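Asker: So you can see what is in the structure, the chains are spelled out below.
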Amino acid sequence: MLGLNKKDTSLLILVAALALLAPFILNPFPSGSAMAQFNAGYPDLMQRFVIFGIFAIGFNILFGLTGYLSFGHAAFLGVGSYAAVWMFKLLSMNVVPAIILSVITAGLFALVIGYVSLRRSGIYFSILTLAFAQMTYALAYSVLTPITGGETGLQLALDDPRVLDGAASGDNIPVPGFFGMEMRGSSQLEISDWVFTFSTGYYFSAIIMLLSFYLSIRIFRSPFGMMLRAIKSNQQRLNYTGLNARPYTLAAFVISGMYAGLAGGLMAAMDPLAGAERMFWTASGEVVLMSILGGVGTLIGPVLGAGLIKYMENILSKINSDILHGWFAFLPDGLEDIIVSMIYPFIGKGWHLTLGLMFMLVVIFLPGGLVEAGQRISRLFGRKKSDDKSDKSTSTEPAE
Amino acid sequence: MSNSNLTRRGLLKTSAVAGAGVALPTIFTASSAAAYTNEPTGSTVTLGFNVPQTGPYADEGADELRAYELAVEHLNGGGDGGMMNTFSSKALQGNGILGKKVEYVTGDTQTKSDAARASAKSMIEKDGAIMITGGSSSGVAVAVQALCQEAGVIFMAGLTHSNDTTGKDKRANGFRHFFNSYMSGAALAPVLKANYGSERKAYHLTADYNWGYTTEEAVRSSTEAMGWETVAAVKTPLTQTDFSSYIAPVLQSGADTLVLNHYGGNMVNSLTNAVQFGLRDKQVNGKDFQIIVPLYSRLMARGAGANVKGIFGSTNWHWSLTDEGSKAFVKSFGEKYGFPPSQAAHTTYVQTLLYADACERAGSFQPCAVVEALEDFEFDGLGNGKTLYRGDDHQCFKDVLVVKGKENPTSEFDLLEIVEVTPAEQVTYAPDHPQFAGGALGSCNNGA
Amino acid sequence: MMDAIILQILNGLDKGSAYALIALGLTLIFGTLGVVNFAHGALFMIGAFCAVTLSRIITISHEVVDETRTDFLGNPLKVDVPYVHDWLGKETGDVIIDWAVPLAILFAIPIMILIGVIMERGLIKHFYNRPHADQILVTFGLAIVLQEVIKYFYGANPIPTPAPDAFKGSFDFGAMLGMEANQIIYPYWRLVYFAFAALIIGAVFAFLQFTTFGMVVRAGMADRETVGLLGINIDKRFTIMFGIAAAVAGLAGVMYAPINSPNYHMGMDFLVLSFVVVVVGGMGSLPGAVLAGFLLGILESFASMKEIIDLIPGINQIIIYLVAILILLTRPRGLMGRKGVMED
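Protein chains in written order, with my numbering: chain E, 4 to 403; chain U, 62 to 509; chain X, 7 to 350.
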């Protein structure tokens, strides 16, 4: 169905269900309870989940399939954002032209950078992309300030041309919308103590994420994807068979760059500001983290990883010592203080530490990320059933 | 085709049910015709404190947070009342704001616009904050100010010094108490003239971003107006840590004054490098070489150690001021935390009080009502003398301090001494001054 | 003009010293262990904080209430009196406090070697056979953790660690060369740093060239497998090599503390540039790393000259990356790398 096999179709439907029902899934705790701290179902965070999910899916096409580790993808994110905001300023507040321009601009940019960087492989490729990303950041921050707005970032103003829209009414800057539906519009559903927020912007991004996810599944299962995997397993052997790997890797690089541009354009559509910090190399490091944590080379891994990191970033960093004291108030005072001081370095402003530790642990013990963890757990429970089945299918018979 | 149960009919059926389920909310949508965003309906009101908790300004963010917590304590009637006792407006009763207890949520801006906006959005959308405040960088302040304008909440700026926050990027929902680059330039010029004469050649090292440009422009125009010559103005990258290659050519250029338009870590490093090169001991054109740091941060000055001795700069406030308001604040803060407050702490405490007071006087939390209450509000007793919150650009006009690095500091908090308290009239400018041109205030936004 | 150029060359040599030392350690680790160590910048930072720690330890003090002065609240001032003043008298105590940074060299060497050995045995050892990407990632994670730990204990602000008084002030080169005064001046401590760096680089090279241990390590760098086949236990020597590389980075950090106040972020700041240096010099080539370090330092200094910035705005921020890209494209083995390494 839709060109996918059964397993992939059910995966796509699973992801679609997760995405559409996210407002319910992410707000399990009643608002006002002590655990409401962990609710993640507000529009901004949900939008970030899917937007960074798109970013990570695209990055995974490059890193997961070909094995080329690029530290420069944040540059494409930034370029996409700037392009989208310029479109908002020049043409219209409708998000469609903005997103189209951001994808095209990022793709062109990726073409140029990829053409230069892919002449080398391995660590040299990584350092080349890192150098390009830092150059772009420096240029955007200080040199190209008329285009990028420098440190304050590129923002909308009341007197922007906006050629395709009518004259702006009122004193307030118009907001991005999809043919009239404002991205920041939302409605709420209250069922006794639980509050669920449905945001237009979120559903718009979620639908785009599902489309990109579908596209990535098709790429994974296509002959093109097979070629990329061949490049990862042994590039030299591939060259010996007479195939030139360069166009394939360049195509993969440009595709992942376009995904990043799409994510950047969506970010700007939800929140019309484009800042240069989006391009700093540690932002590229973030998407690497997401892919690794989720599971490199798998389909759903990057999305899970993106969700997890964004969740931790937004939720963990909000927990401060007062909230901790509130949780452990039921313990006797001395014990409560000890436990709070043990946990304190790891939350709030120390959440980077938790992130770094988690990252190290995943890379050391669980290089397949969350997906591998899930597979191991299911194997643990499924082993009892399949013990009697013979393992003939996995053993290799010598060819005659 | 595989044997899946995934037939067209099944899919249509389930999606119809799902669609109906998703469409339900429009029926159930609480017709909560809230008059404005996050209208507080219960017995509490939530404020959002968006400060840098990680990143280079984490220490200033921590000080701001301490001041916020102190302010909330005083608003709710605890502690010794602090500046509520010296404040000229007596609308605050100590029972919260409009009878509602004040609660707060905190967020981490990481001194990055993206993270700051995400954190602010989370506080508005998830925690129901009615006012966002805090920050230690102008880029972040401008970004969060724009967000608050769109979302329909009030933004009380923290530590932001660039002209643009109430100039090119001013917004109707945003208010700034902290002084700006123009005021620094205007306050410093007479003191510099009195101490260094009017025949100096200045070499500017400017951080290559927005705040650097406005500060350089402000100091240049005010010093050139009194007769100084600007020999050169070189931009240094924001991420630079070693300024030796920029300091090295200074003496050769024939300049006898170095102006460091740097803040925070940049200032610490560039000042340290400049002193290492022995610039302070040199004589050029028959005069002693001097260094000027237009904006001081006492917390960061700690990082420069003994290098700040005798160097002029400006600050918004200093704990050694002797007026009633300052003394009350220093006492409250000092007794609670054990060390004197920084200017970041002072401005954030004052902003919180001003907001609460505006709500009380307006009788409502509605942003437009608060804006009306704050515009052209004159007050006193909050540490800077008589202050006006001008309605044209939402900027406070008050006395500005010119400070100098102390020769014999007694402790790590005692690094600066006040040289002059420049009266507000001297640092006031017309709303359409060229350094502030280009933006429009717009009108206040009540949000949903 | 001439003096401006000389000044920038001096500046570049000094800046390049830090790059060269860090790149030296990086190349040692990559050449011997084949591991890409993204945590090297963190080691540099830890070295700088060793200097901070030692100066804090030396100045541990007790409070004495001074009735004659008051603090900000009007109470009698509490003055900190360091214990060394009590034990050794004020004069000697002050001298010791003053010389904290050079003393920190002795303090830092065993600590850095220990940290290096623990890192290698505990973590890096398991990553020898994993792809480079994994090594980069785990050491990147380690760098973040180390950075956060330091930030937790020392705060986010830079901590001033001044050089000894004897080295404060600057040296007037111009006067020495017969030019006008104040034309070419350079701080003493930076010259000391350059000399110190040259010394360490020389020591490392001498160690590798003239000792048996060094010979085995060089053999292992050339062909690790054969060395193992010859029955030599290369593992232990590599561990010690990692410790030495960590110590080199740490010492670079210790002496750098007076130049730029140490803060938790300095590791990351130097890391990217150091990698660029290593790649330009040629991965696995020690002379290449040192040469590239100095070269890039000088280039960076020149690029920040006002005349050059006027010509090409923004060049000072991107010059190093441009050079890296150029070298990687035209001569990927770097300036002095071995032929055939990493060339596709």
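It is worth saying that the hints were derived from the structure and are not from the lab.
Please note that the accuracy of each hint is not assured.
Only pairs whose alpha carbons sit at most 27 Å apart, straight line, appear in this in silico DSSO-like list of lysine-lysine [said to hold, decoys possible]:
(1) Lys343(U) - Lys162(U)
(2) Lys84(X) - Lys370(U)
(3) Lys397(U) - Lys157(X)
Remember, it's a predicted structure, so these values are computed and weren't measured experimentally.
Asker: Give a verdict on every hint.
Answerer: So, going through the hints one by one against the coordinates:
| no. | hint | in the structure |
| --- | --- | --- |
| 1 | Lys343(U) - Lys162(U) | 59 Å, violated |
| 2 | Lys84(X) - Lys370(U) | 22 Å, holds |
| 3 | Lys397(U) - Lys157(X) | 24 Å, holds |
Going through the hint list in order, the structure does not satisfy hint 1, though it satisfies all others.
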